[in-house]
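Protein sequences appear in the order of chains Z and X. Counted the way UniProt numbering counts, the first sequence spans residues 1 to 66. Counted the way UniProt numbering counts, the second sequence spans residues 1 to 256.
For the record, the hints were derived by calculation from the structure and aren't laboratory data. No experiment lies behind these values; they were computed from the predicted model shown. Worth double-checking, as some hints may not be accurate.
To be verified - Selected chain X positions facing chain Z (Cβ under 10 Å, derived; list incomplete):
hint, residue
1, Leu-47
2, Arg-49
3, Asn-59
4, Ser-72
5, Asn-76
6, Thr-83
7, Leu-90
8, Gly-158
9, Lys-166
10, Leu-168
11, Ala-184
12, Met-204
Unchecked claim - Covered stretches of chain Z (chain X as the covering partner; in silico rule of three or more C-beta atoms under 8 Å from a C-beta of chain X):
hint, stretch
13, 18-31
14, 34-45
15, 57-63
Built from N, CA and C at the ideal position, the CB exists for glycine as well.
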Amino acid sequence: MVTVNGEPLADAAGQNLLTFLQQRQTPVDNVVVELNGTIIHRPEYEQTLIQPNDKLELISFVGGGR
Amino acid sequence: MSEEADLLTIGGHTFTSRFILGSGKYSYDLIDSAINQAKAQIITMALRRTDSAEENILNYIPDGITILPNTSGSTNAEEAIRTARLARELSGSNFIKLEVVPDKKYLMPDNHETVKATEVLANEGFIVMPYVLPDLNIARQLVDAGAATVMPLAAPIGTNKGLATKDLIQILIDEIDVPVIIDAGIGRPSEAAEAMEMGAAAIMANTSMATAENIPLMAEAFRLGVEAGRKAYLAGPGRIIERGAVASSPLTGLSK
Numbered sequence: 001m002v003t004v005n006g007e008p009l010a011d012a013a014g015q016n017l018l019t020f021l022q023q024r025q026t027p028v029d030n031v032v033v034e035l036n037g038t039i040i041h042r043p044e045y046e047q048t049l050i051q052p053n054d055k056l057e058l059i060s061f062v063g064g065g066r
Numbered sequence: 001m002s003e004e005a006d007l008l009t010i011g012g013h014t015f016t017s018r019f020i021l022g023s024g025k026y027s028y029d030l031i032d033s034a035i036n037q038a039k040a041q042i043i044t045m046a047l048r049r050t051d052s053a054e055e056n057i058l059n060y061i062p063d064g065i066t067i068l069p070n071t072s073g074s075t076n077a078e079e080a081i082r083t084a085r086l087a088r089e090l091s092g093s094n095f096i097k098l099e100v101v102p103d104k105k106y107l108m109p110d111n112h113e114t115v116k117a118t119e120v121l122a123n124e125g126f127i128v129m130p131y132v133l134p135d136l137n138i139a140r141q142l143v144d145a146g147a148a149t150v151m152p153l154a155a156p157i158g159t160n161k162g163l164a165t166k167d168l169i170q171i172l173i174d175e176i177d178v179p180v181i182i183d184a185g186i187g188r189p190s191e192a193a194e195a196m197e198m199g200a201a202a203i204m205a206n207t208s209m210a211t212a213e214n215i216p217l218m219a220e221a222f223r224l225g226v227e228a229g230r231k232a233y234l235a236g237p238g239r240i241i242e243r244g245a246v247a248s249s250p251l252t253g254l255s256k
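Required output: the full structure, derived from the provided sequences and hints.
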């Protein structure tokens, strides 16, 4: 089962990262993707296919002082 | 000294503003006016798991503002290093405000873990701006580890209690060669001015504005406080007479 930000997400497998982010309406300018602990650079999104047991972390900037 | 010449230099980057803004605990709609009133050139922000429903804070940041990502939420060096690497990927810049805070009650930074993370990140080319409890030995270790600044807390995060650690901060200002930027606890523009008079290189504030009734107006007040304090520092404050008094009018020529 694919997990995204700690939550199981069965239908994510098989998609490429760019399509996956677009479908989630995640602003691509404000997200960094960590796939199984490794940062995926933006130009690599389209060629990166989500595998059935992948662990994805999607991280963004939010307001925060310290 | 001309005003143009008085630049804050952090990791080779120069700034005319000495007031760094936080972006937490207030509406993104107010960020633009807070930045304008503060004349800030640097704003810090945190990293969290993406919530697609949430507004994109980057849409609210004016062009030309330097984003200073912070590692808030990190409880040890390892977590902070990971967050810093994610931040660099996101921001495209090497600036990182390093925060390692395992303590949930007082939000005290772990100075030891902060030194460890500074060493790793500086070696990876980050411009490391570590948040610490003011301690001269730790500050020296941070500089040795490659820190670009030292950011001592004035009082616990979010308390608006002012310069509780004043004497310890003064030691850092006197002894540390990188910019000493006061971070956390500054609650009033007068305290910002006082820290700048002491020789602080810059002030970072968030809660003191976020909890004010009029955020942009308080941002302006802080800017004026920071500027006043800086000018006073550059001017060289006058001496203090502990006993008695010294007249400032001539003591001769009195008409009786």
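Status of the hints after comparison with the structure:
1. The beta carbon of Leu-47/X comes within 5 Å of a beta carbon in chain Z, closer than 10 Å, and the hint placing it at the interface holds.
2. Residue-level restraint check for Arg-49/X holds (minimum Cβ-Cβ distance to chain Z is 4 Å; threshold 10 Å).
3. This hint holds: Asn-59/X has a C-beta 8 Å from the nearest C-beta of chain Z, less than the 10 Å allowed.
4. The closest approach between the C-beta of Ser-72/X and any C-beta of chain Z is roughly 6 Å, which is under the 10 Å cut-off, so the hint is satisfied.
5. For Asn-76/X, the suggested interface contact is broken, since its CB lies about 16 Å from the closest CB of chain Z, more than 10 Å.
6. Below 10 Å, beta-carbon pairs count as interface contacts, and Thr-83/X has one with chain Z at about 8 Å; its hint therefore holds.
7. At about 4 Å, the closest approach between the beta carbon of Leu-90/X and any beta carbon in chain Z falls short of 10 Å, and the interface hint on this residue holds.
8. Hint status for Gly-158/X: holds, given a least beta-carbon distance of 8 Å to chain Z, under 10 Å.
9. For Lys-166/X, the shortest C-beta to C-beta distance to chain Z is roughly 20 Å, which exceeds 10 Å, and the interface hint is violated.
10. The interface hint given for Leu-168/X is violated, since its Cβ lies 18 Å from the closest Cβ of chain Z, which is over the 10 Å cut-off.
11. With its C-beta approaching chain Z no nearer than about 6 Å, Ala-184/X sits inside the 10 Å limit, and its interface hint holds.
12. The criterion of a C-beta within 10 Å of any C-beta in chain Z is met by Met-204/X, whose closest approach is roughly 8 Å, and the hint holds.
13. Against chain X, the stretch 18-31 of chain Z contributes 7 residues with a C-beta closer than 8 Å to a partner C-beta. That satisfies the three-residue criterion, and the hint holds.
14. Given a C-beta distance limit of less than 8 Å, the hint that chain X covers the stretch 34-45 of chain Z holds, as 3 residues qualify and 3 suffice.
15. For the stretch 57-63 of chain Z, the assignment as covered by chain X holds, since 7 residues bring a beta-carbon within under 8 Å of that chain's beta-carbons and 3 suffice.
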